[in-house]
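Q: Sequence:
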Amino acid sequence: MVKLPRRLYYAYPLGKKISFRIVAEQYINILAKKYKVYRVAEETFRRWRPIKTFPVVIHPMIYLCINNKSTLDYLRLNQDFIIGFEVADTDHISELGVDIVNYADLLIVPSNFCRESYLNSGCKIPVEVVPHILDRVFYRKDIKPKHPFFIRLKEAKRKRNFVLMLFFLWHSGFRKGADLLREVYRELKKTHKNLYLVVKISNIEDPYLRGLLKEGCLVIRGWLKQEDIVALYDVCDIYPLFSRGGGFELNGLEALSRGEIVIAADKGSWIDYLPREFLVPTRGKVKIFRDNLPSVIHDGYGYEIDVDKAVDKIHNILNDLSEWKAKARYYAKIVRERFSEKRVGERLINLFEKYIE
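In my numbering, each number is its position in the sequence shown, counted from 1, plus 451.
Since the hints were derived computationally from the structure, they do not count as laboratory data.
Some clues are possibly wrong.
[Stated by the list, open to error] Taking lysine to aspartate or glutamate pairs in the DMTMM-like style, the calculated list, with each CA pair at most 25 Å apart, reads:
(1) Lys651 to Asp679
(2) Lys520 to Asp550
(3) Lys778 to Asp757
No experiment lies behind these values; they were computed from the predicted model shown.
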């Protein structure tokens with residue numbers, strides 16, 4: 452008799468172009484090698500009452516359940532095992548958020564920073580870490596820019612010896628530290644006249660962009676193909692990861708994987724993948740969200756990079772750029788191995804086997 456694979460329900464925001472969907476589908480592709488995975492769209496989950504008793508995955512758990520207590524109660528009474536995926540943007544999670552994740556039997560988060568946030572906030576269930584996956588496109592040896600802007604930028608850099616800092620400002624300018632970057636960039640330009648800032652934004656313009664524009668920067672708007680994003684990382688030299696909070700900050704990992712020098716605070720989720728010599732001391736903790744929707748769940752603090760020390764660090768890097776670029780290329784090989792689909796997939800499968808089989 453042929454043994455049938457185990458079954459799973461996997462609920463996630465199937466119809467939305469958001470990061471949770473991208474990560475969920477990466478994990479589903481891995482789990483599908485061992486399990487029969489039944490996808491449950493967010494709209495279906497709102498009124499979902501499954502008849503079969505299979506393990507249920509909810510990704511992200513708080514987002515899908517915060518206004519859907521009836522489904523959560525039903526699942527807890529009728530399903531044997533619930534796995535929640537979540538993030539922590541701050542060092543503390545509200546009582547409401549912890550109450551929701553405690554309905555699960557296991558919580559999976561992308562970094563040790565997230566794990567500590569949930570456990571320190573009163574989470575009573577096991578919390579395990581499975582990092583985000585580095586997309587396969589970041590493993591290609593050389594991606595020549597095809598976007599006309601990047602072609603011109605690469606040529607101008609070669610002819611005029613530009614040094615480029617890259618910053619992604621998709622949203623949440625304060626949390627991403629756009630104001631901190633403005634301070635650092637303003638100081639560095641006084642000494643390094645060939646230093647330029649490149650800012651990638653989405654179709655939504657963050658109010659903190661205005662401050663960066665006042666200091667002078669190149670802005671790239673709109674949607675880019677993955678190959679173009681990799682080419683953008685490749686043409687730039689330094690990535691200032693000045694976020695005050697965040698559960699993983701994938702842009703930092705992506706930048707490092709392409710040999711870009713990533714500078715960040717020495718506390719936060721990114722210390723899981725950044726080498727110690729790329730980290731800068733903090734100058735304290737700050738409240739990240741105030742009186743807005745994320746503050747209902749992520750009600751704690753984040754770490755703020757010390758601006759003066761960041762200026763000194765990058766100043767030293769710019770004075771010996773070739774050596775620091777060599778260091779970044781060395782660390783790139785390490786993170787491409789650690790955060791590959793194969794390595795992360797093994798971690799994910801092992802956890803599922805440990806807890807539900």
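Q: Hint by hint, note whether the structure agrees.
A: Consistency of the hints with the structure:
Restraint check for lysine 651 and aspartate 679: satisfied, since their Cα atoms lie roughly 12 Å apart, inside the 25 Å limit. Straight-line distance between C-alpha atoms of lysine 520 and aspartate 550 comes to about 11 Å, which keeps the hinted pair within the 25 Å bound. Between the alpha carbons of lysine 778 and aspartate 757 the distance comes to roughly 23 Å, so the proposed pair stays at or under 25 Å and holds.
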